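Single-letter residue listing:
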Amino acid sequence: EDQVTQSPEALRLQEGESSSLNCSYTVSGLRGLFWYRQDPGKGPEFLFTLYSAGEEKEKERLKATLTKKESFLHITAPKPEDSATYLCAVQAVGSQGNLIFGKGTKLSVKP
Amino acid sequence: KAGVTQTPRYLIKTRGQQVTLSCSPISGHRSVSWYQQTPGQGLQFLFEYFSETQRNKGNFPGRFSGRQFSNSRSEMNVSTLELGDSALYLCASRSGQGNTEAFFGQGTRLTVV
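Going line by line, the protein sequences match chains A and B.
This note's numbering applies: residue 1 is where the first sequence begins, and numbers increase by one.
This note's numbering applies: residue 1001 is where the second sequence begins, and numbers increase by one.
Chain A on its own, in the form it takes in the complex (with noise of 0.2 Å):
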């Protein structure tokens, strides 16, 4: 069975204090792989895709990583307004618009 598991559940962290949320995903094949940022009350917002294993982006403080199980999500000098649920989710090859998502890991960075 297809699954996404993300860890921790809770992370807080001081301004400035770079740290690493962690997505583990099971799949029968990786079609891609997304992580998105959710705020309170609202959808979630697209941050990056990846693909194969070995790939990376980045953007502002955020960078994404991808190995044949597992992708970090590295957040480097975090801001208070960095503060949300950020959410991994993957697709499976031969589906359909289907997105497997992870429960999601709140962050809450404190000034």
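The reader is advised that the hints may include incorrect statements.
What the hints assert, rightly or not - In silico lysine-lysine, DSS-like type, Cα no more than 30 Å apart, as pairs:
no. : chain 1 : residue 1 : chain 2 : residue 2
1   : B       : Lys1057   : A       : Lys106
2   : A       : Lys57     : A       : Lys79
3   : A       : Lys110    : B       : Lys1057
Hints are computed from structural coordinates only; laboratory data are not their basis.
Only a predicted model underlies this, so the values are computations on that prediction, with no experimental measurement involved.
With chain A's structure known, arrange chain B on it following the hints.
Only chain B this time, still in chain A's reference frame:
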């Protein structure tokens, strides 16, 4: 470029009633997917439409249905509402060509009382 528009943003319904939610995708996008988000289960896939045809369906009862129109706008309907149907319903828009990211709307918050 306009994003994904979902209406209404909030709904309160009574058990046993039915409800229809609407989604207008990004201009030019032909794929629309629907998801249910609850605190306990997270985001779960309901169904996906492409060019007016349902291409994929999640593991939800038949009370949940949808359709897509020729202009790519989509609606989902839930009949005989139950308390457990209270959730944030999200619509995602994709171009539909190959490996493409999905862009989400702000969602419709449905409360069943």
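- Task: Verify the proposed pairing of lysine 57 of chain A with lysine 79 of chain A, using a straight-line Cα cut of 30 Å.
- Result: holds, 20 Å
- For the pair we were handed, lysine 1057 of chain B and lysine 106 of chain A, check the Cα-Cα distance against 30 Å. holds, 29 Å
- Message: Does lysine 1057 of chain B sit within 30 Å of lysine 110 of chain A, going by the straight-line distance between their CA atoms?
- Response: violated, 41 Å
The structure does not agree with numbered hint 3 stated previously, though it agrees with all others.
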